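Protein chains in written order, with the working numbering: chain A, 1174 to 1275; chain B, 90 to 502.
Keep in mind the hints are simulated off the structure, nothing from the lab.
Output of the computed footprint for chain B on chain A, the stretches with three or more beta carbons under 8 Å from beta carbons of chain B:
hint, segment
1, 1203-1211
2, 1216-1222
3, 1242-1250
Keep in mind that this is a model prediction, so the values were computed, not measured.
All residues carry an ideal CB built from backbone N, CA and C; glycine is no exception.
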Amino acid sequence: MKIMNCPLNGPRNISEFVWGGEVRTMPDPNGCTTEEWADYVFLENNTAGIVREWWCHVPTSFWFIAERNTVTDEIIRTYPAGEVFKTRVDFAPRPKTQEGTR
Amino acid sequence: MPLGLLKYGLSSKYPARRHFPPAKDLKRSYDVVIIGGGGHGLAAAYYLARDYGITNVAVLDKGYLAGGNTARNTAIIRSNYLTPEGVRFYEESMRLYRELSEEFSYNILYSVRGHFTLAHTDAAMRTSRWRAEVNKHLGVDSELIYPDDIRKLCPSMNLSDDVRYPILGALYHPPGAIARHDAVAWGYAAGAARRGVEIHQMTEVTGILTENGRVKGVETNRGTIHCNKVLQAVAGSSSLVGKMAGLRLPIRTIPLQACVSVPLKPFLDQIVVSGSLHVYVSQSSRGELVMGGSTDPYALYSTRSTLDFKESLLGHMLELFPFLGEVSVLRQWAGMTDMTPDFSPVMGLTPIENYYIDSGWGTWGFKATPICGRTMADTVATGVAPKLIEPFRLSRFDEFAQVGEKGAASVGH
Chain A
1174 MKIMNCPLNG PRNISEFVWG GEVRTMPDPN GCTTEEWADY VFLENNTAGI
1224 VREWWCHVPT SFWFIAERNT VTDEIIRTYP AGEVFKTRVD FAPRPKTQEG
1274 TR
Chain B
90 MPLGLLKYGL SSKYPARRHF PPAKDLKRSY DVVIIGGGGH GLAAAYYLAR
140 DYGITNVAVL DKGYLAGGNT ARNTAIIRSN YLTPEGVRFY EESMRLYREL
190 SEEFSYNILY SVRGHFTLAH TDAAMRTSRW RAEVNKHLGV DSELIYPDDI
240 RKLCPSMNLS DDVRYPILGA LYHPPGAIAR HDAVAWGYAA GAARRGVEIH
290 QMTEVTGILT ENGRVKGVET NRGTIHCNKV LQAVAGSSSL VGKMAGLRLP
340 IRTIPLQACV SVPLKPFLDQ IVVSGSLHVY VSQSSRGELV MGGSTDPYAL
390 YSTRSTLDFK ESLLGHMLEL FPFLGEVSVL RQWAGMTDMT PDFSPVMGLT
440 PIENYYIDSG WGTWGFKATP ICGRTMADTV ATGVAPKLIE PFRLSRFDEF
490 AQVGEKGAAS VGH
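Next up, chain A with everything else stripped away, as it sits in the complex (with noise of 0.2 Å):
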């Protein structure tokens, strides 16, 4: 079987994992048009090579991000999302007429 490094466990079964999509910056919900969030939520690059994906290890419920080229299927690097995340990312705060609205 395939076998993919997970940072926390180290080589685990690829059946161990589970594939969460390309890495993508989400727009700030209040603050984008409906365009932008459309986009955000359903949209894909659907690249053909390198491309940096969330995947996680299901047992230990362990989130990390992945290198890997979807021509080939090559796994070249994986690391722990902390590695692109360094700070804190803060939205707007809802605004309150919205309540109960979407």
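Add chain B to chain A, keeping to what the hints say.
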């Protein structure tokens, strides 16, 4: 008698029947360029020529005719979907399929088998009931049946309780069918070529030319072609071709693997699908069991096969048909599917004028071939998407108006 056959083969009185005219040089311009020479692109070319008299058309394929997902699907045709939009669309496709052999004067081996979607959980029973009611309301033959009825229709299936996931019932769709996928594409190709459409194999599109938001032509490995209209009808590479035109699509490219067994005597008439077991199977007219499962667990632009997939698929097959334990797998392959968030296709207009798209065909494209060709031909000819495919427009994602068909996908993904 082999020698007698040789006489016919060498005699000029019995020339070989040519399906398609020999390839021509690529012209500098066409009215319409269709990217992708699979079932969908060829069907669109066929109906453009037959119904709209538009014959100055080039169908381009980077490989060979119908060698992509048209050659890699498991040839199942059904219309027992979940949403009224989906049911109407696929039902119209089945209607066209039934007439296709006669239309082509060429046998596509359309074979009505009956289709079971097995339910192993209360949730699956609930979805089956829901689908049966939606189907019946729209005139589609579909009903929920229980193990006693399944046993009568398909005596070879293991209906015992002594398995990991006992069968509680099934959504039964008597018109469910299979057909010879190559013949469908070849029939459309021959019919289109006879009417003047040019089919160019080994012709890869490398760029899309646009001017002021309007398509002007395509660049290929054999030179630049000018044209008024372009239809993108590829699979697996939809995002890559779309990107050439500046489109971002709601598609992830994920492999889907399948395999066939050695030929066996006929024992399985129906098409059997189980969402919980991630299996679908039918027995071809050659006797091979054609088997598929769920898509791979992550995105990949590759048609490689894996042992993990086969282990899981065949383990579940043995729950349904334990007597197959000694049977070998004969061939395996994979296709690249365009998976969309709502399990419905992306068809119709795009933000680029005169650039039309037929994509997002995940694991449900073969059964839609005739109706896709017809509705996309209509769209290309008139510049307006017909009502039948309006719900599948690309802009539905901006409008949060998805057409959720995950509950009717053949297996859980």
